[in-house]
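A.B. asks: If you want the building blocks of each chain, they are given just below.
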Amino acid sequence: MKIENTKSQMRKGILEYCILATLKNEEAYPSDIIEKLKKVKLIVVEGTLYPLLTRLKNAELLQYRWEESMVGPPRKYYSLTTKGIEFLNELDITWNQLAKAVRLTTKTKKDE
Amino acid sequence: MNKTININLGGLIFHIDQDAFEILNKYLNTLKNHFKNEEGGDEILKDIEGRIAELFTKKLEKKEIVSITDVNEVIRTMGNPSDYDEDFNNEEKTDYNKDLLKNKRRRFFRDEDERMIGGVCSGLAQSFEQNIFIIRMIFLGLLFIIGPGAPFLYIMFWIALPSAKTTSEKLEMKGEKVTVKNIKNEFENLEKKVRDFDKPFFNFIQKIIDLIVSLIKGIFQLIGSCFGVFAIIIGVILLFVFFSAINLGGVMIAVSDFSWWLDINQLGQYIFESEAIPRDFKTGIILFIGVPILAVILFGLRLTNNTKINTNYKIGMLCLWFVSLFFLFNSSVDVSKEFQEEARNTIVENITVENDTIFLSMNEVDRVFDNAFDAKGFKVTPFEDKLIGIGMQLDILKSENDNFRLIKEATAYGRSKQKARKNAEGVSFNFILEDDNLIFDDFFYIEEQKLRFQELNLSLKIPEGSVIYLDHSMEDLIYDIKNTTDTWDYDMLGHYWKMEKEGLTCISCED
Chain A
0 MKIENTKSQM
10 RKGILEYCIL
20 ATLKNEEAYP
30 SDIIEKLKKV
40 KLIVVEGTLY
50 PLLTRLKNAE
60 LLQYRWEESM
70 VGPPRKYYSL
80 TTKGIEFLNE
90 LDITWNQLAK
100 AVRLTTKTKK
110 DE
Chain B
0 MNKTININLG
10 GLIFHIDQDA
20 FEILNKYLNT
30 LKNHFKNEEG
40 GDEILKDIEG
50 RIAELFTKKL
60 EKKEIVSITD
70 VNEVIRTMGN
80 PSDYDEDFNN
90 EEKTDYNKDL
100 LKNKRRRFFR
110 DEDERMIGGV
120 CSGLAQSFEQ
130 NIFIIRMIFL
140 GLLFIIGPGA
150 PFLYIMFWIA
160 LPSAKTTSEK
170 LEMKGEKVTV
180 KNIKNEFENL
190 EKKVRDFDKP
200 FFNFIQKIID
210 LIVSLIKGIF
220 QLIGSCFGVF
230 AIIIGVILLF
240 VFFSAINLGG
250 VMIAVSDFSW
260 WLDINQLGQY
270 IFESEAIPRD
280 FKTGIILFIG
290 VPILAVILFG
300 LRLTNNTKIN
310 TNYKIGMLCL
320 WFVSLFFLFN
330 SSVDVSKEFQ
340 EEARNTIVEN
350 ITVENDTIFL
360 SMNEVDRVFD
370 NAFDAKGFKV
380 TPFEDKLIGI
390 GMQLDILKSE
400 NDNFRLIKEA
410 TAYGRSKQKA
420 RKNAEGVSFN
430 FILEDDNLIF
440 DDFFYIEEQK
450 LRFQELNLSL
460 KIPEGSVIYL
470 DHSMEDLIYD
480 IKNTTDTWDY
490 DMLGHYWKME
500 KEGLTCISCE
510 D
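One line per chain: the protein sequences are A and B, in this order.
Residues 0 to 111 in numbering that gives the first Met the number 0 are what the first sequence spells out, letter by letter.
Residues 0 to 510 in numbering that gives the first Met the number 0 are what the second sequence spells out, letter by letter.
Keep in mind the hints are simulated off the structure, nothing from the lab.
These numbers come from a predicted model, not from an experiment.
Be a bit skeptical, because a hint or two may be false.
[Said to hold, decoys possible] Here are the simulated lysine to aspartate or glutamate pairs, DMTMM-like style, with alpha carbons at most 20 Å apart:
id, chain 1, residue 1, chain 2, residue 2
1, B, Lys57, A, Glu66
2, A, Lys11, B, Glu72
3, A, Lys35, B, Glu128
4, A, Lys35, B, Glu111
5, A, Lys40, B, Asp112
6, A, Lys37, B, Asp112
7, A, Lys40, B, Glu128
8, A, Lys6, B, Asp82
9, A, Lys38, B, Glu72
10, A, Lys35, B, Asp112
11, B, Lys45, A, Glu3
12, A, Lys56, B, Glu37
13, A, Lys40, B, Glu111
14, A, Lys56, B, Glu42
15, A, Lys11, B, Glu111
[As the list claims (entries may be wrong)] Pairwise CB distance ranges (calculated):
id, chain 1, residue 1, chain 2, residue 2, range
16, B, Trp157, A, Lys99, 37 to 43 Å
17, B, Lys35, A, Ala20, 49 to 55 Å
18, A, Lys23, B, Ile233, 51 to 57 Å
Note that CB positions come from ideal geometry on N, CA and C, so glycine has one too.
Isolated chain A (complex conformation) (with noise of 0.2 Å):
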């Protein structure tokens, strides 16, 4: 048992939620969740999230329309879809229990 695969089983799941998260109520470029993955170190290297989000675009979770920029190549604008946002509310249900868990049985005696 190592831990670094422990680290990153819990680090997977929550990645995809958290993805799915950024993408809620807006649509943004992989750059945007870069930013705020990025910021909260959730991912390291930004190429992590590149098969992540076609993953998830494949399991028809997430789509997205092109949109030229102004400075560099077209950009990817990716947003929920229904499917997604059903996936999602579920996994913030699952979240909530999971996170309760964990509080509670990493409670110590101490702060009963």
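With chain A fixed as given, assemble chain B onto it according to the hints.
C.D. replies: This is chain B only, laid out in the frame that chain A set:
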């Protein structure tokens, strides 16, 4: 000169150096290989290419050609396939950060995410892997020990340490420690490089040069770091000593010539007319000494941490130092006014003795005054927290009448004539008469406790026919006493001298 190549990346044209192109091409091929079995692999690759194009566009705002540095930086930002391999079930999988941390030296940054003031403590806490609370307590503790030096130190770190903005900087903050093991690893890597030479496809000469360059670089970095650490340590010690000197009124330092000087408060009180040290002087001296100390520490940080110090700060520090000269000049002009006028005060004291022979000696001959301030016959010293004069001189002359008299002539300076006179009147000198023994004090009192070039000239007038004996303890007191045999002062000691009509004559000397 470098050959450039035109490439189409994400629909945009870039000029790119050949060597940079080769690295980029290799990187993209690796990615291609990695995603080839994945559904939508082409699309992922296109997205990544698009992002790289975007990053290049940002970099090319000020120049035209993509260089090898740009490519390496972009690759670091994007990461290697192993960094975002999603096959988490693979037991061999390493986590995202590990590859990035490899071979990366730890640098110090400020962590503004968790800051209270400037993020200095939180940055240091991350780098030293300590609890942030402990680091903050240490800084608070410093505040009690070196007083204003602690905020000073803090501000210095604030200036010197960059804020960890990018993710890779945030990681560097927690990067690998520079340990013996790491250095050993470096050498093993070097060894590996050397072995690689056997492979025919390596350009032999190129590799040799690379090796030598990296070796020299490494040595210089090591020397630089050591020197930098040394500079920081020296700087911090100086800062500590300096601020303690200002706050506590002096630091105990074994070098005796030094301790008087370091006692800035005491020295200030003796020199300035006011009770407290004028703010101008204090500010001046803090900047005058503090700024160079700061510069030493910043220089050390620069060497060890490879931090560039902004030119504005350098200029700012230089300006501050010149401002300090202005302050010091101002207060020295102020002080010089205290020496504008000179005044003299003469006291004549009659001495009544039973016999015609008196014995002259000085009190407490074994006492040694440390830290004497000596300038042109003017000599003062702090003794038991009092400023006393020790530079008086005694002459022996013929009395115009039949009395023994001691004439005490004091001179001193002051801002005005009255002030100078008051300072001269503040000089007092004592002696005791026990039977035939006349015992002089080895110092004179300075009532004002200010250093105003007080001088004291003593003349002992003795009537014709009387005899004096000069004890050896009088050595430092007598000065240029006229006598009939033109004997040196020192040779007059230990003998009886009679005041004849012509002057003092030795009556116990052998020819």
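A.B. asks: If a hint holds in the structure, say so; if it doesn't, say that too.
C.D. replies: Outcome of the hint check:
no. : hint                           : result
1   : B:Lys57 x A:Glu66              : holds, 18 Å
2   : A:Lys11 x B:Glu72              : violated, 25 Å
3   : A:Lys35 x B:Glu128             : violated, 25 Å
4   : A:Lys35 x B:Glu111             : holds, 16 Å
5   : A:Lys40 x B:Asp112             : holds, 11 Å
6   : A:Lys37 x B:Asp112             : holds, 12 Å
7   : A:Lys40 x B:Glu128             : holds, 17 Å
8   : A:Lys6 x B:Asp82               : holds, 14 Å
9   : A:Lys38 x B:Glu72              : holds, 18 Å
10  : A:Lys35 x B:Asp112             : holds, 14 Å
11  : B:Lys45 x A:Glu3               : violated, 30 Å
12  : A:Lys56 x B:Glu37              : holds, 14 Å
13  : A:Lys40 x B:Glu111             : holds, 14 Å
14  : A:Lys56 x B:Glu42              : holds, 11 Å
15  : A:Lys11 x B:Glu111             : violated, 27 Å
16  : B:Trp157 x A:Lys99: 37 to 43 Å : holds, 40 Å
17  : B:Lys35 x A:Ala20: 49 to 55 Å  : violated, 31 Å
18  : A:Lys23 x B:Ile233: 51 to 57 Å : holds, 56 Å
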